[in-house]
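These protein sequence lines are chains A and B, in that order.
So the first sequence is residues 1 to 585, counted in this note's numbering.
So the second sequence is residues 1001 to 1585, counted in this note's numbering.
Hints should not be assumed to be uniformly reliable.
Claimed, not checked - List time: in silico SDA-like cross-link candidates among lysine to any residue, alpha-carbon distance up to 20 angstroms:
(1) B/1496 to A/102
(2) A/104 to B/1491
(3) B/1520 to A/222
As the list claims (entries may be wrong) - Here are a few chain A residues that face chain B, going by a calculated C-beta distance under 10 angstroms:
(4) 19
(5) 99
(6) 240
(7) 408
(8) 557
As the list claims (entries may be wrong) - Quick partial rundown of chain B residues pointing at chain A, CB under 7 angstroms, derived from the structure:
(9) 1034
(10) 1111
(11) 1202
(12) 1385
By construction, these hints were calculated from the structure, which means they are not laboratory data.
Note that CB positions come from ideal geometry on N, CA and C, so glycine has one too.
Protein chains: 2
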Amino acid sequence: MYRTHTCGELRLSDKDKIVTLCGWVQRSRKMGKMTFVDLRDRYGITQLVFSEDHDTAIFEKANSLGREYVIQVKGKVDERSSKNKNIPTGDIEITVEELNVLNKSEIPPFTIEDNTDGGDDLRMRYRYLDLRRNAVRKNLELRHKMTIEVRQYLDSLGFIEVETPVLIGSTPEGARDFVVPSRMNPGQFYALPQSPQTLKQLLMVSGFDRYFQIAKCFRDEDLRADRQPEFTQIDCEMSFVEQEDIINIFEGMAKHLFKKIKGIEFTEPFQRITWADAMKYYGSDKPDLRFDMKFVELMDILKGFGFKVFDDAAYIGGICAKGAASYTRKQLDQLTDFVKRPQIGAKGMVYARIEEDGTVKSSVDKFYTQETLQKMKEAFAAEPGDLILILSGDDAMKTRKQLCELRLEMGSRLGLRDKDKFVCLWVIDFPLFEWSDEEQRLMAMHHPFTSPKPEDIPLLDENPAAVRANAYDMVINGVEVGGGSIRIHDSALQDKMFKILGFTEERAQEQFGFLMNAFKFGAPPHGGLAYGLDRWVSLFAGLDSIRDCIAFPKNNSGRDVMLDAPSALEQSQLDELNLEVHLKK
Amino acid sequence: MYRTHTCGELRLSDKDKIVTLCGWVQRSRKMGKMTFVDLRDRYGITQLVFSEDHDTAIFEKANSLGREYVIQVKGKVDERSSKNKNIPTGDIEITVEELNVLNKSEIPPFTIEDNTDGGDDLRMRYRYLDLRRNAVRKNLELRHKMTIEVRQYLDSLGFIEVETPVLIGSTPEGARDFVVPSRMNPGQFYALPQSPQTLKQLLMVSGFDRYFQIAKCFRDEDLRADRQPEFTQIDCEMSFVEQEDIINIFEGMAKHLFKKIKGIEFTEPFQRITWADAMKYYGSDKPDLRFDMKFVELMDILKGFGFKVFDDAAYIGGICAKGAASYTRKQLDQLTDFVKRPQIGAKGMVYARIEEDGTVKSSVDKFYTQETLQKMKEAFAAEPGDLILILSGDDAMKTRKQLCELRLEMGSRLGLRDKDKFVCLWVIDFPLFEWSDEEQRLMAMHHPFTSPKPEDIPLLDENPAAVRANAYDMVINGVEVGGGSIRIHDSALQDKMFKILGFTEERAQEQFGFLMNAFKFGAPPHGGLAYGLDRWVSLFAGLDSIRDCIAFPKNNSGRDVMLDAPSALEQSQLDELNLEVHLKK
């Protein structure tokens, strides 16, 4: 070992010990005949003292140290005269007797501080330096701790972690599969899994009734929003269970993580809300319930008074922002601009203030009597000082989603989305299918193996779009951290599903033949769930992006700018793979 | 939950309880008015009893159950009249009151028994059924337990598990890289990592001084022997350490695993042997030391007596097989055939028996006096009843490797390679380079970042082939379970290495630029090790192949015959990737 202690562990009780430390030079300050160096490693910072009077040679060597030099020092632990209460080692310093430069450093392109002067691009290019920063490193430490706790929890319940292959088969519909040419099987390709879904179902057929895996998954798609081409799932599956069992076990895992990692104890069951209610009251299947601000539908109250926008609308709904009646015209205009942004797409916004005396003052006063406006006020249970914001549109679902964005914006503006407050819920009873405008057919909302609710099975023939699934998502603070479903284990029902989804028998066989064959040999009732590890970690770390809880993330173009990957191959390598690249012009 | 208990947990103390079990029908026996069904799940087997007198309807239903049907039963725990001492649930049976068929099964293509009637190919095609077999499932359970223990051990020592990316850059020399075309970066490819080597070194630069990862690695090469295109490494790296520190920590991990998993306590340090001695005495860098049978060189003793084969040889060496003098002519011929197999390639074998009276009787008696043969006997310290086997050749290294095969064969024949005995050792002081006949140049024996031994650095100029590395392998029972090295952290030394390896500066920059750049910003002294998880598990499970400790392995052609992967892509998918397949004729 190059060291006897780390830079984070020495205390006053170690006084007079002779120790050897290693680390990086965080900063150094020459003050007359003394030089102070902050030595940093993963564990903390320890102050080193060099004195000209004590040893001129070492003093001079110390003065030549640059930022981020790697050094080894031997010296005595002394009590500091001016203590630093901000760091655990702040009571001591090392009077250095020996100094050994293990490696020099060029001047780093940005400062290695919590608040660095480096921009995103620079930090990504030099990610290995960015990772030296406390603020980034602690996210990866948190990630490690969380996976340790996840495994501990699942292992204690008899779950077995099984590694499923990364080189699997591509499916003809797998437009988003990454593929991998095989040298040994010329002209053929593996695919990287978007999830171990079918493999974990095969493990259920095998009798592994409690499976999990912290698994890398891959998706070759545009990386809008907060996505990465490779991401990590806590993937789980169980046999001989019903939806309630899965919800209990994985609610238990969430509570375990909150308790062990954040010190937060949830004693009550998480609230559950049906997908239909989530859409109705929050315009989202992942509502942020740190604040209420439920939607109120106003069709009955506001239609038919000559305000054409409302009269023509298929949906009119609003939210009540407590205490926001004081919003200025400018603030209201900002909100209007906000909902009119192309990403949101509303045509406009109507507002109404509740005055001190209880009267309502709205932006559409010329169409509505105070009596009607009072009815509206009652519908919101609004009080003096509140602000009502209303959107409308000719597509109820679209308008709800716009109103959802407005609700979140108001939540943020009113400080109702505290990162240290966590509200967890289950969204249940998802629709089994959703209509695809693009494909002009029903698509599986989750995947084709999702089981319908038993009581809705008769509807499969008459009105498939109304069938609800035994599917569930866990949502925390407006982030979908995971979800799953009970799967179909009955082959007749599975056949019916494929038919509704427009698969021919041949196509179903081609894509999912191995699974359907497996199901002929005694498939148990089963279901499961996958949590997004990256999302859990960034939620716990209070990050806005999953990127900073990933050691070496890719940018929005799917590039690793540090490694400069992907890149062109040499022709010889392509030849071996029987491939030719033809770039479109 | 569909069940109250598993099929492995009920005991006599549960007598009279009403329980619900689920599982697969292992077998059923109708004996007059009684039918007995063995119900199996992952946890064990429980006997079910159906009686015609008790309930005719259920009795008949029970008689219609086929093998591998999935059923749910409710009934009472009763004491068995004839107990089965071979299984933990053998004292009880369930008198069934309710029987519910959850799913039927076709007749499986092979029996779900420890000794199945299914051949390898069939079992691979129906791997999901193969995994139902106790013998296979317990390997995966062992694998799970081992990874839990590995993480527990490393976490307790402050190691952090960091996920490194699977989509990285390909290197021009990466002939064995799997590559992945990127849709978003037309004409460019990612590569899958053969190991996280450079990434973990970057993490050291980042100050993560104790890193590990249980990581999937990928190699697109011919799958002779016991290899898989994807395999799993326990990948580790440490900073501020020397070789001795790494050996201590990972010897500690080995001991931890042996103790926790196999109940074997190693109190002594593992033996260490230099690479040179391993080659000299065992003809292998991974000697099986469960038995001794060291090589004895016989050049001084047997050369120059007119036996041309020996007189012309660059190497003559032998082994002494204790107590094998009784080997018949036929057995000796078999051994001669064994060493002459093309995979081994010896030209012939000389043998000598030590007779009861101490005289030596050899297959080359006409060339040697008894006096010379006695000298040889002494060199082996051979005793009456022993058999000496001798090989020679014009290439010492090749002949040693042949003798190694013969030694292992004799070890097996003499029952000296007990799967329940474990002998662990470190092979140290590997050469830094090895000569490549193909490339006609020195190649890095491990990788170009391996550090030479400090005392051998002067040799880099004069005689690089003689330079020893700070590299080490752990070998158990003749299997290399892992290895690693101290890395170079000094850029001048790294430059010198690249020069000796024949890299131009440009090429070094092209291939390893990101690492060399990183090293400019304060790289700490570091080193590490990677253990092969698959090998550890198969060693602990007593398997001959790593295949049976992998849930869904690939065959020798790199195919997953269950998934039928890899396979051809649809043209539309290729178009999106700007690729054309051109099969060679």
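Cross-check of the supplied hints:
1. B/1496 to A/102: holds, 19 angstroms
2. A/104 to B/1491: holds, 10 angstroms
3. B/1520 to A/222: Violated, because 35 angstroms separates the two Cα atoms, which is more than 20 angstroms.
4. 19: Constraint on residue 19 of chain A not satisfied, violated at 13 angstroms.
5. 99: Hint violated; residue 99 of chain A Cβ to chain B Cβ min 15 angstroms, cut 10 angstroms.
6. 240: OK, holds: residue 240 of chain A within 10 angstroms of chain B, min 4 angstroms.
7. 408: violated, 29 angstroms
8. 557: holds, 6 angstroms
9. 1034: violated, 24 angstroms
10. 1111: Cβ of residue 1111 of chain B sits 13 angstroms from chain A, so the hint is violated.
11. 1202: holds, 4 angstroms
12. 1385: With a closest approach of 50 angstroms, the residue 1385 of chain B hint is violated.
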